[in-house]
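> Protein sequences, first through last, are from chains P and G. Residue numbers 1 to 859, in this note's numbering, belong to the letters of the first sequence in order. Residue numbers 1001 to 1133, in this note's numbering, belong to the letters of the second sequence in order.
Rather than coming from a laboratory, the hints here were simulated on the basis of the structure. Do not rely on the hints blindly, as some may be mistaken.
[To be verified] Each pair of labels, with its calculated beta carbon distance range: (1) G:K1070 with P:H325: 30 to 40 Å; (2) G:G1087 with P:E388: 33 to 43 Å; (3) G:G1087 with P:L247: 34 to 44 Å; (4) G:K1070 with P:R250: 55 to 65 Å; (5) G:K1070 with P:V485: 39 to 49 Å.
[Unchecked claim] Partial list, derived from the structure: chain G residues whose beta carbon lies under 8 Å from chain P: (6) E1012; (7) I1018; (8) P1110; (9) R1111.
Glycine included, C-beta positions come from ideal geometry on N, C-alpha and C.
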Amino acid sequence: MIPAPELLWALAAALLLLMEQGRHRRSLKHELKSLRSSYDAAIHRNDELTQASDKMGDLYRHQLLTSRKRASRIKKVLEVATSINSNLSLDVVLHEIVHAVSEAAGFRIVLLRVLNDSSTAFEARAFAGLNREAIHKLEQRPVPRQEFESWLKEEFRVSRSFFISHSRKFWGEVDEEGWTPELGARQEGEWHQEDVLFIPLYTKDGNAIGYFSVDDPVDRRLPSRETIETLEILATHAVVAMQNANLYERLNQSMEQLEEATERGEQVNELKNKFISTVSHELLTPLTAIHAYAEALLDNVGSTHVDMQKQFLGVIDEQSLKLRHLIDSILELSQLESGRFRMTREPFNLASLTHEVAAMLRSTADSKKITMTVETSAPEIVIEADRELLRRVLNNLGSNAIKFTDEGGTVTFRITIEGRAVRIQVDDTGIGIPEETLGHIFDKFFQIDNELSRVYPGVGLGLTISKSIVEWHGGEITAESEAGVGSRFTVLLPITAGDAHVITHAAWTPSRSVSNHLTRLTVEMIAEVMNARTASFMLVDEERSELYIRAARGLREEVVCGTRVKIGDSIAGWVAKHGQPLLVTNIEEDPRFGRPNGHQYETKSLLSVPVKMDGRVVGVININNKISCTPFTEDDRALLSSLADRVALAWKRVADHETVSDRTEETARALSAIIENARRSRLKLNGGSMAGRAVAVGRKLGLSDEDVEALAYVASVHDVGMGQIDLSVLQEPGRLDDATWAQVALHPLRSAEIVKPIEFQEQVTEIILAHHERMDGRGYPKGLQGTDIPIGARIIAVLDAYESMTIGRPYRQAMTHAEAVRELIHHKGTQFDPRVVDAFSQLFEAEENTKLVRAGEAA
Amino acid sequence: MSKGKILVVDDEIYIVHILDFSLGMEGYEVITALDGEQALEKVKTEKPDLIVLDIMMPKLDGYEVCKNIKSSAATQHIPVILLSAKGRNVDQKLGFDVGADDYITKPFSPRKLVERINQLLGQTITERPAPSA
Chain P
1 MIPAPELLWA LAAALLLLME QGRHRRSLKH ELKSLRSSYD AAIHRNDELT
51 QASDKMGDLY RHQLLTSRKR ASRIKKVLEV ATSINSNLSL DVVLHEIVHA
101 VSEAAGFRIV LLRVLNDSST AFEARAFAGL NREAIHKLEQ RPVPRQEFES
151 WLKEEFRVSR SFFISHSRKF WGEVDEEGWT PELGARQEGE WHQEDVLFIP
201 LYTKDGNAIG YFSVDDPVDR RLPSRETIET LEILATHAVV AMQNANLYER
251 LNQSMEQLEE ATERGEQVNE LKNKFISTVS HELLTPLTAI HAYAEALLDN
301 VGSTHVDMQK QFLGVIDEQS LKLRHLIDSI LELSQLESGR FRMTREPFNL
351 ASLTHEVAAM LRSTADSKKI TMTVETSAPE IVIEADRELL RRVLNNLGSN
401 AIKFTDEGGT VTFRITIEGR AVRIQVDDTG IGIPEETLGH IFDKFFQIDN
451 ELSRVYPGVG LGLTISKSIV EWHGGEITAE SEAGVGSRFT VLLPITAGDA
501 HVITHAAWTP SRSVSNHLTR LTVEMIAEVM NARTASFMLV DEERSELYIR
551 AARGLREEVV CGTRVKIGDS IAGWVAKHGQ PLLVTNIEED PRFGRPNGHQ
601 YETKSLLSVP VKMDGRVVGV ININNKISCT PFTEDDRALL SSLADRVALA
651 WKRVADHETV SDRTEETARA LSAIIENARR SRLKLNGGSM AGRAVAVGRK
701 LGLSDEDVEA LAYVASVHDV GMGQIDLSVL QEPGRLDDAT WAQVALHPLR
751 SAEIVKPIEF QEQVTEIILA HHERMDGRGY PKGLQGTDIP IGARIIAVLD
801 AYESMTIGRP YRQAMTHAEA VRELIHHKGT QFDPRVVDAF SQLFEAEENT
851 KLVRAGEAA
Chain G
1001 MSKGKILVVD DEIYIVHILD FSLGMEGYEV ITALDGEQAL EKVKTEKPDL
1051 IVLDIMMPKL DGYEVCKNIK SSAATQHIPV ILLSAKGRNV DQKLGFDVGA
1101 DDYITKPFSP RKLVERINQL LGQTITERPA PSA
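With the rest of the complex left out, here is chain G (with noise of 0.2 Å):
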């Protein structure tokens, strides 16, 4: 029995692959997307219960990704975490204003990752409130 699904979006492959071991590992199903506009399809098919999000991609960049997420009363409840190597405090800003939920620089930790994904689940699950009629 899964514990949720993640999905991961990176346009570097290594670290797609290293997201889902780390996250499978924990119990996690995990399903990928390469560029910003492959995620929002997954978004749409797979309703993915969080995300992890890359900055820097082709196609449509993840503040974009975000925006659209956050904008469609269907999919604001998921819980996106931003993970980029931009690591300025502007850039953190901007992250935060499209509606990230966290934002994590890189390098990162795939330890602390799972950590701050479980915490954000267990809060999202309680505080999710019931869907109105």
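Okay, chain P solo, but in the shape it has when bound (with noise of 0.2 Å):
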């Protein structure tokens, strides 16, 4: 069957029916599609946008937490900087300043040096989040300007900041956030424990006048730029606050030095009014009797009392003869005391000059049946001295027992010699002086208060113009008397120049009330206890803003009395300026003093350190010419420094006390104690010194500057109370007996108790106390055991033992040092410190061999 029409057309319809289907079909899918993949989009927009809107969100809370972080380090930044700046003391300043920076810029470890200008080297003065151990090493290792400034490389530069990194690809590359601001670069961006981060403080003027170093930052990162932002603000207000107080510092020095010098012009006119009114009274008595008597002659001119105006004559011969005498003994006197004095030295025999003087004596003598006499171990006993200087010293001596001695006394004049010195002694059997007065027959004018005068008349200038004699050869009187029994005046002079101690009698200084005989005891201890044949004492001038050399040893007496030196010039004057102190080992090679070598050093080192009253420099210490032959070595250095500090202790006690003689007394057994001390240990020791072993030892172990002066001093002066003891009964074999034994215990007690007057640091006495204690507690004299004991005494402990085992006994023979250090080896723990001992054997290992080599050599 054929498809009807009708078909074709509905099969053509239905076709395209299909058709128009299809492509329905096909643009729905298309537009599915397209939705699809436009809701995909939209999505995937929506994601990004979420992650957007995150990003935003953490910006936005970074943002904030870095400017609250900001603020509040701005505030404490400024809070620091008000407070370091609220302060004048300059040390305060300097610790402010260091844990500000530690707070404010996050750092746990800050070191502030300062320049100081005299030595030009950065000294650490101020220290955050050190231990002591640590800042002690920077303390002793200043850095020296050369080398602060070749660090001020531009490729280190950061701001005004200087930035060394361990590792040299940072070098350079600070950038806004620092280094860390992502995840996966913090390994890069920590901080290197070996990385320097330094700020220099620079003045107005661009001088660098210190700089604070940090370390060991809180985050562990590098520096952001903020952080050095933040140290530049700080060390801006450092630099200010540390110039206002050092002006403020200079500022009340001035004023406390116009203070004393205005004080001390006061106590200057006291003294001149006092003695202008004494001496004026003086010479007014003579005088009143004069006019009197001249007078009612005049009156009775026509009187024929010839024996009346015979007397009258006689007593305005005499009393003019008085005034004469009088003038010019206060005319010597002013003389002596001033200082323009010169004497000249020539050997001549004092035995000789005494008989003389005795021979121009005898007629007064034999007018009062006194027998005189003199006594001499030779016939001829040569001394150099001023003839005739001495001359009126034996007269007045003389003259004074015969004048207070009664009819029939005896009067003796003895002279011998004794060691390097002479003994003039003169004894009476007069009335004596009575024990309160003793302390000052040699005062001017004291008979004017003595009721003696008018039996005994005389000017009271005597006894002093002796004194002042006698010290100025270098030697020293003294009277002892016994009332109703008579009086021996001693005087002990050094035989040659060579030996004496010259004593210059100065101005008016601020240790005036220090006697002459403390100023030589100083001078001779300093001299003993340093092992120098040479040592002086100079005092400064501040008037004529120099030193003088108050008394020396081993000078010629051309030296010590015309010695001038301005303050800054050549090496005492550098000291006092600066107030340090100063090592020259060799004085041809150092740069700083290139000058051909004085003729009165024999060796080329010399030693010279500022004597410090209340933070001024009132003296200065040389010493040269040690007897080893040997240079001076910081040893000594420390050593004398700390003897410095003590006679600055002890002449303050003094001038503070002037009226107070117990004081002068007992710091002149001080100083005598040290000096037989250190005499006797210097007849003991073949070796280096004790004190040089104390402060190796003390350095070894760490002890502080201070701590090791202290021991080193100590060193020196931990036996003197062995001079009280009878030597004698060390010198035996076989056990003490308790008497002796007890005695022996007591001497670190009279040790300590000696030393106490010239003491000014507990840490000594307590060392002198404790050096004979022993580590299990079986020590004396209070048994402390281990670490009770302190460490400078636990050291003493060792080098004393060291010491007298390899000197000996006579009963006993020297160990060398190989035995002993195993004995002190074998005794560790029990009697000494472990670590002493061990710090002592590996520093001294070298010692024997080394003198085996020195003696080599000087075979």
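Make the complex out of the two chains shown on their own, each in a separate frame, by following the hints.
Here it is, written out as structure tokens:
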């Protein structure tokens, strides 16, 4: 059957429909597809948006946190800046600065160094976050300016600071955020312990007066620019604070000096007034008599009383002579005291001079039936001195003795030689001197207050002049007396000028009240303890801004009298100006003092330290010519500084208590004991000094400078108390009996007692007291144990034992170094501190070898 | 017949001698003391009419002696002349403060001292009040 056309249409229509449907479906599919893709895109965009929004949030939070941090940081910086600026004491300011830096910039460790103008090095002055040992090490090592300047390289520069990285890669690459914005980079941005960040402290005119360096940041990161900015703001404030403090300190100093000068001026005036009123009274007394008698004579011109007239004329004559004598004496004394005096030393026979003086006095003695004798240990005793001046002394002592001795008594001159000194002794059997006035008989015009002057007339200046003369010769004069029995005056004079401690009588000084005797002991003590042949003590003359020699040993008189050094000039002047010790190993090679060696110095090494009272330099102690002929060392410097501190203390104590002679006496006793002790130990010692060993061991064990100095001092004095023990008992073999043992056991206490008048450090006393204690508690005097014993005492104990073992006793042979060290090691822990013994044996391992070598060289 | 009894106190023996001489020539009886303590004793035992007193003396100085004399009813009427080398105004003022009747500085003229003594004794004799009952 053939399809009908309707069917065809239907078919066609169906086909069309199908086609249409297909197209529609396709387009729908397409639409669907594009819808899906735009849906997907939308979803994707949404994600992106969320992400972006999250990012924004993060960023916002971060910004907020940072600005909060910044705000609090700025607040902190402002706070600390205010606090460091509100203080005026430099040390406090420096301390505040380092802690401010630590807190505000977030570094656990901060070190502040300050430039010392005189040594041109940066000294460590303030610390945060460091232990004592580290501080000590830093203090020990100042940074020379040159070294500091070598760090200021462009490649290290960040802003005004300098960052020296442990690895070259970071040099000069600090960015806005520091190195640690991303976690991944964390490793690289971490602070390395060898990194260095320091900020110089510049003044307005561009000079670096110091710097601080920081370490151990709290966040463990390399510093950001912000951190560096904080540090630099603090640095600016620190500079201002330091300059303020410096100015304030200087102002205070000048104020104090001004006050002191005023006070001293008043004191000088008072002294002058007192002297003038005394002198005028003394002058008026004979003048009054002359005037009264002359007038009486005039009023009675017509009188026939010839005897009366004779008698009156006699009084006038006598009083005129007295006046003349008085004026002469005052002139002489003022010359002696002004220091303008020159004496001529020449060798002469003191024995024959004494006979001469005695012959002159003979007639006066005979008239009182006094037996006068001269005893000399040899017919010829030649000394180097001013003959005429000594004649005055002998005459004064002789005529005094005759004057105060009743009829029938005896007066004896005795001249004997004692080592390198000569002893002149004048004894009488006179009325004696009451004990309470014995201490004043050398004072000017002492007699005026003494009722004896009526019975025994005199000017009252004779003994004062004699004392002055003797002291000019570097000698000393003393008096002993028993009322009703007699008196003894003793003069000790050095035989030659070279042995003399020449004393100059200087203008008024802060130490005026320090007697010549004490001054001499001071110089002697220094020379003996330091083993120096030459020692001098200079004082500051503030008016002239000069130093002059107050006393010296081993220098010639011309040098002592003639030396005046401008503050700031040459060695002593430098020391006085800067208030710091100076050790010159070889003066010819030292660039600071390139000048030919003075003829008075045998060696090229010298040591000079300041003497300070209340922080002000009042004098300088110089030593030259070590007896061993070796150069001075840093050990010697430590010891001498320590001695200088004590001298200053002793002098200040005496000066403060002018009227209390007890202080002078106890100080003199302390000095004498130290001198004796030094002489004793010099006889014993063959090698290095104990003070030197003490310094070495102390340093090795990490003691501070101050502790080391104290230790050096103790090593020189810890046995002064032994001087009071009869040494012969120690020389004998066998066990000590109980009484002797008690004496020996007490010697630490005695030593401490003797040096007390010149001691200001408690630790010194403690070390002296405990240097015979044992680790196991079986020592004396307290039986302390282990670390209850001060470290200094534990060190001295080892050195003391070593010394006594290597020196030996008459009954016990000296041990060798090795034997002694073995012995020390054997008693480690029981008697000795093991750390000290170890340090000692390591330090002095080579000692014996060196000694052998030296001995070889000498041979 | 003596014009009066005068105590001379000075630790300088020559001064005592010359005053002894000058006052003796003038008709006074002179007694002497060489220090302050001795002076007070002599005042008590000798009852002098006038005292010439040095200031700087051992044991007890002139000021103390004068104060002592002027504070005792039995002796306060005795005129005291201080004779001293201390010539400053303050020294003199102190002298008058302790009751001295006159103050003469050394060196002095014995003649003028005698005149002053004559004057003082004349005055005191006429002006001395009648002893009260």
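> For the hint on G:I1018, just tell me whether its beta-carbon gets within less than 8 Å of chain P.
holds (5 Å)
> Is the hinted range of 39 to 49 Å satisfied by the C-beta distance from G:K1070 to P:V485?
Given a distance of about 43 Å, which is inside 39 to 49 Å, the answer is holds.
> That 30 to 40 Å hint for G:K1070 and P:H325 (C-beta), does it hold up?
At 39 Å between Cβs, range holds.
> Regarding the hint that G:R1111 lies at the interface with chain P, is the smallest CB-CB distance below 8 Å?
Result: holds, 6 Å to nearest chain P Cβ.
> Quick check on a hinted range of 55 to 65 Å for G:K1070 and P:R250, using CB atoms only.
Distance hint for G:K1070, P:R250 holds at roughly 59 Å.
> Min Cβ distance, G:P1110 to chain P: is it shorter than 8 Å?
Constraint on G:P1110 satisfied, holds at 5 Å.
> With respect to the beta-carbon atoms only, verify the hint that G:G1087 and P:E388 lie 33 to 43 Å apart.
holds (38 Å)
> Looking only at beta-carbon atoms, does the pair G:G1087, P:L247 fall within the given range of 34 to 44 Å?
violated (52 Å)
> May I ask you to test the interface hint for G:E1012 with respect to chain P, counting a Cβ-Cβ separation under 8 Å as satisfied?
Since chain P brings a Cβ to about 6 Å from G:E1012, closer than 8 Å, the hint holds.
Taken one by one, the earlier hints fail for this structure only at number 3.
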